[in-house]
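**Student:** Residue numbers (full-length UniProt numbering), protein chains in the order written: chain F, 1 to 376; chain C, 1 to 494.
Because the hints were derived from the structure by calculation, they are not lab data. None of the values given here were measured: they were computed from a predicted structure. Heads up, a few of these hints could be off.
Stretches of chain F that chain C covers, calculated by requiring three or more beta carbons in the stretch to come under 8 Å of a beta carbon on chain C [unchecked claim]:
{"#": "1", "segment": "26-37"}
{"#": "2", "segment": "144-150"}
{"#": "3", "segment": "299-306"}
SDA-like, lysine to any residue: derived pairs with alpha carbons at most 20 Å apart [claimed, not checked]:
{"#": "4", "chain 1": "F", "residue 1": "K53", "chain 2": "C", "residue 2": "E218"}
{"#": "5", "chain 1": "F", "residue 1": "K252", "chain 2": "F", "residue 2": "P218"}
{"#": "6", "chain 1": "F", "residue 1": "K53", "chain 2": "F", "residue 2": "A21"}
{"#": "7", "chain 1": "C", "residue 1": "K408", "chain 2": "C", "residue 2": "R380"}
{"#": "8", "chain 1": "F", "residue 1": "K53", "chain 2": "F", "residue 2": "G18"}
{"#": "9", "chain 1": "F", "residue 1": "K192", "chain 2": "C", "residue 2": "A126"}
{"#": "10", "chain 1": "F", "residue 1": "K53", "chain 2": "F", "residue 2": "A293"}
{"#": "11", "chain 1": "F", "residue 1": "K192", "chain 2": "C", "residue 2": "A193"}
{"#": "12", "chain 1": "C", "residue 1": "K408", "chain 2": "C", "residue 2": "E427"}
{"#": "13", "chain 1": "F", "residue 1": "K192", "chain 2": "F", "residue 2": "F65"}
{"#": "14", "chain 1": "F", "residue 1": "K192", "chain 2": "C", "residue 2": "A229"}
{"#": "15", "chain 1": "C", "residue 1": "K408", "chain 2": "C", "residue 2": "Y351"}
{"#": "16", "chain 1": "F", "residue 1": "K192", "chain 2": "C", "residue 2": "D231"}
{"#": "17", "chain 1": "F", "residue 1": "K53", "chain 2": "C", "residue 2": "D231"}
{"#": "18", "chain 1": "F", "residue 1": "K53", "chain 2": "C", "residue 2": "T233"}
{"#": "19", "chain 1": "C", "residue 1": "K406", "chain 2": "C", "residue 2": "R380"}
{"#": "20", "chain 1": "F", "residue 1": "K192", "chain 2": "C", "residue 2": "R129"}
{"#": "21", "chain 1": "F", "residue 1": "K192", "chain 2": "C", "residue 2": "T190"}
{"#": "22", "chain 1": "F", "residue 1": "K252", "chain 2": "F", "residue 2": "N26"}
We put the beta carbon where it would ideally sit given N, CA and C, even for glycine.
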Amino acid sequence: MQNAPVTSTEAHLDRLRGDVAPVNHNARTIAALTGNPGCRRRAVLDAAGVDKKAMSVHIGHPVPFGQSTFAITRGNAFEAQVKANGCAELLTMLRERLGLDIAEVAYNDLEEAGGNGSREVRHALARRMIDGAAAGVEGAGTLFDHPLLGLPIGGRTVYLEPDLIAFQVGAQFHIIEIKSFPVIDGQADGGKVAAAAVQSAVYVLALRRLFEELGHDPQRVSHNVILVCPENFSNRPVATLLDVRRQLTVLKRQLSRLRRVDELLATLDPGLTFDLGVRDGTATRPAGEVVAALGEVEARYSPDCLDMCELSYFCRAEARGTTHALGRTVREELGGIEFVDTALRLAEGRLAPTVELAETAHALRTALRMRTECLS
Amino acid sequence: MTALTALARAIAVREERAQPLTTVRHVHIGARPLVFVPLALAGEANAPLAALVGDDRAAPHLLVVPQPRNRAQRFAFAAELGHLVLDYLRSFTHFREDVPINRGREVRQRFSDAPQLIVPNPAGVAFTRLLGRSTRLRRTDGPYAVDPVVPLLGRWLTFLAERAEHPGSSLMVAMTRALSMHWATGQSSTEDANLAALLGWIAPPEGRSPVEAAADAEDADLWPPAGPATDPTFDNEILSPAIARHERDPRHFDGLRKVLNSQLEPTWHLMWRGIDVLGGLSPGASVAERWADDRDSFTNYVTYLAGDNPLPQARRDSATAAARRLSTMERAQNVYDVQRAMDDPLVMAEYRLGGEAFAGTVTYAAPDRIDASSGRRKLRPQILVHTDDPLRLTPGATVSDRSRPKQKAVIVRVSTLDSGGYEVQLELSGGMGNSLVAPPGSVPAVGERLTYSALDAAFRQPDRFPANEETPWTHGGPPQQYVPTNDDAVEDWS
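Please take these sequences and the hints and turn them into a complete structure.
**Tutor:** Given below as structure tokens:
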């Protein structure tokens, strides 16, 4: 479980979160961090491991994120099929489709760790196995199923519970990501591939970090991940190489921002807390207090948040009347003006523009004149 | 997104009601469209789960796949849908009209009307395309034989989904796309993807304000998603048990149908409400012309399928076919953009705002001006136009006004006026007959209001591409002619 905080930053984050365990990050939530890097509210809440979902319910703005049982079932079945018999099907495909020279295979299931499934034990085992493989120890393995990796997020080690296999070809290690969305006639859903790429990049980063810690060359972890999906309308797996260099860059930048979270914390009232006062599973702190606390940290709402942040409905309600709520492009077209009403009053000539806004105001007045002329 | 649509969204926020983005309708809305609301099973590769389909708002057909992972049941669904769709398509093949071609020397025929498939959103188009892909290559004999209507349905769905990508085509329409082309809401485009929210802003249900209707739309209990994806909570709490019950005891079929209908019916009504509001707009001047193109396209495909051994569409286009398709779409996009601007002053206003067009009043006209500089005397009237638009066209640019499409105007000089705005000097040619005196009305008169733009929808020669068998080696050489294989026909659909 939790270790006692060792730095003032960690103590501060603990205070912000209150008397509950921090929410576990996974590859998906870490990937989501790259979504809206400019949001201070999100950076602080995520660094502190606040349960944003519970918070959104408590303050009356629950976001209906959920996963269909059908999707979960299919995902698990496909993964099990790909990994069956020591990944036999997967290996055949990698040899044939990607032309990888995989002479012999040693398959290591690192999920159970000899019956002791605690995260620390599993992580230590993964470390040892991968260290051996990287050092070229005879028989150390080619495939690692469910290696538990660690990645420091906001000053704490987050254990990633991936459904992945770290895979060695020659001196290079590859991450294999198994996804159940189909590749039809060589094409897959762009949004889903993009999400898979960011998630895989999280694993690449974690594995490279481990290499570094163990004194191996981190560049031996390839930036090409192997994406395994069902082909066409069948259950037959097909492998594709995915270059995640761009995702790695974005991810590193965002994680370094989280590392600098103390700069953000320094600007906050030291008494501030997002504690929901959970007693026997129920939040007891008045919702108004929680909302007031949220108001202390500035959010940067954009409609993209609706797909990835549990607090997005709250932030959207808060952003009502601002041009942020209408999306980035609308905001830009309106000259980056903060409030819809300001933009309209400038367009109508009812508000005298400042010098910086003179050009924007002129463009808005012209646009409104044309619109009125065409609709009259 | 442009400044005018952004402004319209801002106004929608303040007025708490959707604002028009156009003065006319730019899509064709048929007298008898076929509405298709499909649902897919989560996690599967385009596995149909259920659908409401029909051309009568009072009598939708509910199709259900009781166990969506069962291959035979999927093909039964495809066959049932196939019969409905094919009956509908055939109903448009009874009446033809003559079209003069080759300067009136010959006549060809096309159907006097065409089908129109309307789905809720772009994801519905994608579902249709993939359903077409998973059915068009099937065989009707040998192992895994399917109902003959299945591969035929596949070809038609593929044809329609391809037309949905064709700029200006209305054979297949995604409702959210059609609506948001004509109205701006006070929410973001992300939220506009929700049909109930979008339509709530435009035409809220009785007793609800647009803002209330848009908020209601986010409650999946009130307004289930418009598909093909279902609400995960519905999947977990209602659908999954209902499928399991039916599997244990087939007598629970009606219960399962009811459950699925509850997710589809609200969208069904939204679709017809959307058709009503779009139908309430008057069509732009060139909508009929584009619909005639659609009817040609429909006629051609009917003819192709009636020919000798018609092949299904290939899995992937060959290099030449892809290049040709892209070129056709680019040309269609250009024509579509120009036509919309010509049909609709509010669309033209975007070009005026961008400086590619200007509207103004004629302040001076010399209709009988003769240019004798090159030896031959030519009628070259000149006019001055005062405009307040942010002009970016420069001298030398050729522009025209839609009221005199044959007349070209070349900008001679642009002067900035002290009172604001510009004075544009234009020299005119064409559209004035052959004599040296301009017929009355052929030259704009003082006081006339005009909109000059550099937009040009003139016919452009199609780009030339090598024949398939002459595909250069850089593009893979001549492709193998696509012939569906046994593998295609028996492909897993699991």
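**Student:** Could you run down the list of hints and mark each one as holding or not?
**Tutor:** Hint check:
1. Three residues within the 8 Å Cβ limit are the bar, and the segment 26-37 of chain F against chain C gives 0, so the coverage statement is violated.
2. Coverage of the segment 144-150 of chain F by chain C is violated in this model, with 0 residues showing a Cβ closer than 8 Å to a Cβ of that chain against a need of three.
3. Counting residues of the segment 299-306 of chain F whose C-beta lies closer than 8 Å to any C-beta of chain C gives 3; at least three are required, and the coverage claim holds.
4. For a cut-off of 20 Å, the pair hint linking K53/F to E218/C stands: about 17 Å separates their Cα positions.
5. For the hint linking K252/F to P218/F, the alpha-carbon distance of about 14 Å falls within 20 Å, and the restraint holds.
6. Distance hint between K53/F and A21/F is fulfilled; the C-alpha atoms sit about 14 Å from each other, no more than 20 Å.
7. Taking the CA atoms of K408/C and R380/C, the gap is about 11 Å. The hint holds against a cut of 20 Å.
8. Of the supplied pair hints, the one linking K53/F and G18/F holds, its CA atoms being roughly 15 Å apart against a limit of 20 Å.
9. Of the supplied pair hints, the one linking K192/F and A126/C holds, its CA atoms being roughly 14 Å apart against a limit of 20 Å.
10. This hinted pair checks out: K53/F and A293/F have alpha carbons roughly 16 Å apart, not beyond 20 Å.
11. This hinted pair checks out: K192/F and A193/C have alpha carbons roughly 18 Å apart, not beyond 20 Å.
12. With a C-alpha separation of about 8 Å, the suggested pair K408/C and E427/C falls inside the 20 Å cut-off, and the hint holds.
13. For the suggested pair K192/F and F65/F, the alpha carbons sit about 16 Å apart, so the restraint of at most 20 Å is met.
14. Proximity of K192/F to A229/C is assessed by CA-CA distance (about 14 Å); at most 20 Å being required, the pair is judged to hold.
15. At roughly 18 Å between alpha-carbon atoms, K408/C and Y351/C fall within 20 Å of each other, so this suggested pair holds.
16. Straight-line distance between C-alpha atoms of K192/F and D231/C comes to about 18 Å, which keeps the hinted pair within the 20 Å bound.
17. At most 20 Å may separate the alpha-carbon atoms for a hinted pair to count; K53/F and D231/C meet this at roughly 18 Å.
18. Note on K53/F and T233/C: the hinted pairing holds, with a Cα-Cα distance of about 16 Å set against a maximum of 20 Å.
19. Of the pairs offered as hints, the one joining K406/C and R380/C holds, with about 14 Å between alpha carbons and a cut-off of 20 Å not exceeded.
20. The straight-line distance between the Cα atoms of K192/F and R129/C is roughly 18 Å, inside the 20 Å bound, and the hint therefore holds.
21. The suggested pairing of K192/F with T190/C holds, with an alpha-carbon distance near 17 Å, which does not exceed 20 Å.
22. Only pairs whose Cα atoms come within 20 Å are accepted, and K252/F paired with N26/F is accepted, the gap being roughly 16 Å.
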